[in-house]
Every structure is written in structure tokens, then in C-alpha cells.
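Enquirer: Residue numbers (my numbering), protein chains in the order written: chain A, 1 to 471; chain B, 1 to 190.
Treat the hints loosely; a few may be bogus.
[To be verified] Derived lysine to aspartate or glutamate pairs resembling EDC-like cross-links, with alpha carbons at most 16 Å apart:
hint, chain 1, residue 1, chain 2, residue 2
1, A, Lys469, A, Asp335
2, A, Lys269, A, Glu374
3, A, Lys338, A, Asp314
4, A, Lys59, A, Glu3
5, A, Lys25, B, Glu109
6, B, Lys146, A, Glu122
7, A, Lys299, A, Asp421
8, A, Lys469, A, Glu304
9, B, Lys149, A, Glu122
10, A, Lys458, A, Asp311
11, A, Lys91, A, Asp335
12, A, Lys26, B, Asp148
13, B, Lys146, A, Asp305
14, A, Lys338, A, Glu380
15, B, Lys150, A, Glu122
16, A, Lys469, A, Asp305
17, A, Lys407, A, Asp421
18, A, Lys469, A, Asp342
19, A, Lys59, B, Asp148
20, A, Lys338, A, Glu368
21, A, Lys469, A, Asp311
22, A, Lys338, A, Glu374
23, A, Lys299, A, Glu448
24, B, Lys146, A, Asp124
[Said to hold, decoys possible] Partner residues are not named here, just some residues of chain A that face chain B (Cβ under 10 Å, in silico):
hint, residue
25, Val34
26, Ala75
27, Ala133
28, Ala296
29, Gly360
Hints are computed from structural coordinates only; laboratory data are not their basis.
Computed from a predicted structure; not experimentally measured.
Note that beta-carbon positions come from the ideal geometry of N, C-alpha and C, so glycine has one too.
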Amino acid sequence: MVELNTVIFDILYLLAAVLFIMGIKKMSHPRTAVLGNYLGIFGMLLAAGVSILITLEHKSIENNLMLPIGIIIGAVFIGTMFGAMLFTRVKMTEMPQLVALFNGVGGLASVLVAAASLFAAEPDALHAEVLVAGGLSGLIGAVTFMGSGVAAGKLQELDFFKKQLPIPAIVRHFLNLAMLVACVWCVYAMIGDGNVLLYLLICVLGCVLGYTLTTPIGGADMPVVIALLNSYSGLAASATGFVVDQPVLIISGSLVGASGIILTSLMCKAMNRSLLSVLFGGGMAATYEEDDGVYATVKRTTAEDVALMVDFADRVVFVPGYGMAVAQAQNAVSDLAKMIEDRGATVEYAIHPVAGRMPGHMNVLLAEADVSYEQLRTLEDINPDFDEVDIAIVLGANDVVNPEARKEGTPISGMPILNVDEARQVVVIKRSLSAGYAGIANPLFAAENTSMLFGDGKAAIQDISTALKDL
Amino acid sequence: MKNPQKTIWVKWLGFGVMLWAGILVAQENLDTTTETTTESATESAAPIDVPESAPAEKVEAHESEAVEPTDEELAATSDEATSGFDLDRYEALMAGIAVFVVSVFVGFEVITKVPQTLHTPLMSGSNAISGITIVGAILVVADCMKTDKKIALFLAGIAIALAMVNVVGGFGVTHRMLSMFSSKKKKKAA
Chain A
1 MVELNTVIFD
11 ILYLLAAVLF
21 IMGIKKMSHP
31 RTAVLGNYLG
41 IFGMLLAAGV
51 SILITLEHKS
61 IENNLMLPIG
71 IIIGAVFIGT
81 MFGAMLFTRV
91 KMTEMPQLVA
101 LFNGVGGLAS
111 VLVAAASLFA
121 AEPDALHAEV
131 LVAGGLSGLI
141 GAVTFMGSGV
151 AAGKLQELDF
161 FKKQLPIPAI
171 VRHFLNLAML
181 VACVWCVYAM
191 IGDGNVLLYL
201 LICVLGCVLG
211 YTLTTPIGGA
221 DMPVVIALLN
231 SYSGLAASAT
241 GFVVDQPVLI
251 ISGSLVGASG
261 IILTSLMCKA
271 MNRSLLSVLF
281 GGGMAATYEE
291 DDGVYATVKR
301 TTAEDVALMV
311 DFADRVVFVP
321 GYGMAVAQAQ
331 NAVSDLAKMI
341 EDRGATVEYA
351 IHPVAGRMPG
361 HMNVLLAEAD
371 VSYEQLRTLE
381 DINPDFDEVD
391 IAIVLGANDV
401 VNPEARKEGT
411 PISGMPILNV
421 DEARQVVVIK
431 RSLSAGYAGI
441 ANPLFAAENT
451 SMLFGDGKAA
461 IQDISTALKD
471 L
Chain B
1 MKNPQKTIWV
11 KWLGFGVMLW
21 AGILVAQENL
31 DTTTETTTES
41 ATESAAPIDV
51 PESAPAEKVE
61 AHESEAVEPT
71 DEELAATSDE
81 ATSGFDLDRY
91 EALMAGIAVF
101 VVSVFVGFEV
111 ITKVPQTLHT
121 PLMSGSNAIS
131 GITIVGAILV
141 VADCMKTDKK
151 IALFLAGIAI
161 ALAMVNVVGG
171 FGVTHRMLSM
181 FSSKKKKKAA
């Protein structure tokens, strides 16, 4: 016999899941996205509130109410403090690390919930499906936790995470496979004799796996890794849903999983690489022969000349890359853009999907610098217009504007690029002529309509602004 | 669907998971003789309502595609294990897996419409949603009390704190980012 309360609680849980779906749906436009976030918060409050009510009703704690309630309230308080501290203190430039860190925390939470659930359960309640789900939760969660930790460390540029494993790639793949097989064996063994301590072994293997999988990946492949770990944190939550038998976890977890998978596939497509080559290739090797002859016709320019060019332009497009984030030049860019607009020209920003270190990285930085989202144009959106652009200012981007991608036989062949070379004039702001992540020369820098402005991104943009003011 | 490859990939993943889970349950039930298990009634109405929350009919089309092999699978495994098969558990598991598969498709439909500009807030927001593990963490506390497992209780406490970091931090940072996205018209009005 199902009690009425149970039904009400289940419906409320379902409502929370629906709120999450609606919340993400509202994310389809910047105007409604804030509301969408509130829907998510409301759904979460609802779900957590219902869980506390269910706990209060539980017969097993009637005699000893203080301990469980104390633990729940204390833990919620501590978690809230840490979470609030993180999100209020962190700078926008540190956003990739923070997102990676949150993924990891989510993964670890899944690991611990599954652990607590398995250890607390009566031995005869540990059915095969619960143990399989627990094993999945432990493995995926631990991989997410450790992988995100490594990713966050790399993004924070800690030296410890820059080290590469002294193991050849083939051996590494073999070891990874062996660890996966060991995890599957652990699950079978747990089903066999109900020894849940093997779960700990799965978690340890998962941590090692997370480390060995993420360590070789870096640089421009980071957006893929972060999106994938985001997906894993959801899948871990979903697996935990099977352990504790709660559909709301399964629904929400798989939503997050789907979101991460979509972002991962978008990022891979924007780099024209398969997911497997990102995960197991360990970065693009610079095997392509660099041809110094390419740069024979490079023209230098000065900030004053660029200011003059900009003064005559009707349509200016900024092309930001990771270099803009490194130089923290977004505010300088936004100031310059406003000056140009005040002179009657239109300003837009062409943003490549993999510019930066996480999906949407440039957009967030520019939004912080007060750039309106109507000015942020995507690759498909702006590419047909480049031949009408008077000046394209490339700031800290390299491979995503390399015309070599249209040719056969280069490491970036087939990768969709911004057609910056079609603009009437191109200004590239860069420290040197050094190659980008793909390790190949960029003929754009030597093109007839391109001039190079060497120097730090922020300083260069500020120099242009000063020069423009003096005109 | 814009991206057929993606769909097929997930379909096979779902199919694979179902196959494995089905075989495992069947095996275990062949080994052990009939056992009566008291199912927690929490499953109840939830899974059936999910497809209704799907925004487009398209989802339902995909869903039927995805579920079809499941039914064959279901029939195959139940033939294999007619003796001593625990139907309640089997149904609960299959319902859970159906919820999972359908939610993935709903997720695809909803998330493909999110523009590139909002991809970072989407990630941090969905990350906050994955903090839903807090539900599991809180519910486990009562189980721990029942069986009086101190270690499990301790783990559950840490899990609640971590999930809460995820929830508060995730939603908070998403809000911070989203409130920075502004349009020109709004600025002129201000």
C-alpha cells in the first residue's frame, strides 16, 4: 500500500525535475536565461526540502532526531559557505578553473552518496543492479573528480600539473584499459560475494584513471575536456540515482550528461577532430614542417597607423582568442570599441567556438566588459560577411584564423575557421610570429592585406585608443 | 536532428547499458532461487510522466525508436530467466533506464537550442543541477540511521556538503555571469 505522502513527495520530485528542464530551456536566450537560472534554484530548493521532509518522517530516526538533522543542517551550512565564497570571490578570468572545480566536486559527491548508500544498505538489499549502478557511479564520479582536479590545476597553470607522465602512449592506453577491466571485475566480484569494500578499489582505480586520462591533454583541447567532464558529472549523478532509486536524480543527471555531450561534440566539430583523437592523441604533435619563407612578406604597423585605419572604417570586427584572456584585454577592447562606435562605425566580435579554454569563454569575458550580446557573432553567422568588413582586428587568436585549414594535408585541414583573410584590412595583434597550438605557420600574418602589431594585447589596444583620441 | 551521428551514439550507449543490466539481473536471478524483496515504493508514478515534459513531438518519435530495441531485449531476457524472476525489481530497473534514455533525448532537444554565447553559463548551470545528488545524500542519512552505520553517516555528511557547494556555487556563478549579459537597448534605457 502506497501512502499518500509518498505520492505527494514523488510528484514534488518530478516537479523539481520539470523545473530543471524548463530552466535549461529558458537558457536559449540571454533575455530569459536569468529566469531559467531561478527556475533551477527553485527546483533544487524543492527537491532538497522534500528530501528533508522524507527524512523527518522516516521511522528509523524517530527516537534519535538530533543526530541526523544536525548532520544535514551542519553539512548544508558548510557547503553553502564554501559555495558562496567560491562564486563571489572568483574573478571572471578564473572561470574555466572554477567550472572544472565544480565538476570535480559534483563527481566526488556522487562517489560519496553511492558509497554511503552501499555501506548503509542491508546485505540482502544489495542487488546486482544496485551494485552495477554503484560501480558506475564510483568509477565515473572518481574519474570526474580526479580529471577535473587535474584540469583545474592545468588551467591555474600550477607547475605540478604541467609534468607529463613518463610512460609511452601505447603503454598508457593499455594500463587504462587494464584499470577499466579491473573495475568491471570488481563489480562482478561484489555481485558474487556482496563485499562492498571492493567499491573503494573502484574509486581508487577511477581516480588513477582520471589522472592518467587528463594529464596528457592540455592547451587548446581544454574546452573538450571540460565539456566532457561536465557530462561525466551528470552521468555519475544519474548512476547514483539508480543506487538510491530516485528518478529525479536520473532525470537531472542525464540532462547534465546530455548537455555535456552536446558541448563536447560541438567543440570537437569546431576543431575538426574526433573525440577519440582528443582523448588519446594527447595533443597535436608539431610534425608539420615549419616554413620560414611564409613570413617573408610580413608588414609591421604601429598603434597610430591602426588608429588612422580605424578612423576611416565603417565596420570593424574584433576576433578575440585565448591571448585576449591571457592579456586580460577585454576591458581595453570594450573601451576601444565604444570609441569606434562613437565615431559612427559598427563594431562586432567574431567568436570561434573553441576560442579560449572552455565553451563560451570569450563571450563571458566580453559580457563582463559590458559588450552587449547582440554584438557577439558566431562563426556561421559572420563568415559570409567578412568581405564587407573594413578592418578585422585579430587579438590573441591564431589557429582559428589560419587559412591553411582550407588546404589539404595540414594538421588543421578541414577545421572551420573565421574567414578573416577576406576582410579588406586585417590587423593582427600578437607578441611574436610564434605558432599556435597546432604548431604551424599562419600565412594570414604575411598576407597582402594584413599588418602585424607586435606587443602585449592589452597595451596594444590601449595604445590604439590613445592614438584614436589624439586624432 | 541536426547531428545524426550524435543520436546514434547515444542510442547504442543506452542499448548497451540496458543489455548489460538485463543480463546481470537475469544471471543473478538464475543463480539464486526465488526471493521476496520489499521494494521501496518511491518509484511509483514518476517514470510514466516524463515523456509529457518533452517539449516537442520530435522527442517522442526518437523515444519510440530508442525504446523499441528495449522491448525486444526485455522479452529476450525474460525468456531466459522465467524461473524465479523478480518482476518488481526488473520493472523498476527498466523504468529507471527508460527514464534515463528519454531524459537524454529531452536534454538533447532542449540544449541544442542554447546559443554559443551562453555555453559557459549553461555548463555552470547544468553543473549546479548535477548537485541534485544532494537528494540522494540526504535520503541516505535515514538509511544510515536504520542500519546504524557510522562511517556511512560520515560519508553522507560530506556528500551533502559537497553537493551543496556544487548547488550554491554553480547557481551563484551562473547568476553572476548571466546578469553580465546585457543588450544594447537595455543599456540605453538605463
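Enquirer: Does Asp148(B) sit within 16 Å of Lys26(A), going by the straight-line distance between their CA atoms?
Expert: 44 Å, violated
Enquirer: Tell me if the straight-line CA distance from Lys469(A) to Asp311(A) falls inside 16 Å.
Expert: 10 Å, holds
Enquirer: Does the alpha-carbon distance linking Lys150(B) and Glu122(A) stay inside the 16 Å limit?
Expert: Within the cut-off at roughly 14 Å; holds.
Enquirer: Holds or violated: are the alpha carbons of Lys299(A) and Asp421(A) at most 16 Å from each other?
Expert: At roughly 15 Å apart (the allowed maximum being 16 Å), Asp421(A) and Lys299(A) satisfy the hint.
Enquirer: Given the hint that Lys146(B) pairs with Asp305(A), test it: the Cα-Cα distance must not exceed 16 Å.
Expert: Not satisfied, since the Cα-Cα distance of roughly 77 Å exceeds 16 Å.
Enquirer: Between the alpha carbons of Lys25(A) and Glu109(B), is the straight-line distance 16 Å or under?
Expert: 9 Å, holds
Enquirer: Is Lys146(B) within 16 Å of Asp124(A), Cα to Cα?
Expert: 15 Å, holds
Enquirer: What's the verdict on Lys338(A) and Glu374(A), does the C-alpha distance respect the 16 Å limit or exceed it?
Expert: 14 Å, holds
Enquirer: Ala296(A) was flagged as interface toward chain B. Is the shortest Cβ-Cβ separation under 10 Å?
Expert: 37 Å, violated
Enquirer: Less than 10 Å between beta-carbons is the criterion; does Val34(A) satisfy it with respect to chain B?
Expert: Holds: closest Cβ of chain B sits about 5 Å from Val34(A), inside 10 Å.
Enquirer: Given the hinted pair Lys299(A) and Glu448(A), is their alpha-carbon gap at most 16 Å?
Expert: 8 Å, holds
Enquirer: Lys407(A) and Asp421(A): Cα distance at most 16 Å?
Expert: 14 Å, holds
Of the hints listed earlier, those the structure fails to meet are numbers 2, 10, 11, 12, 13, 14, 28, in rising order.
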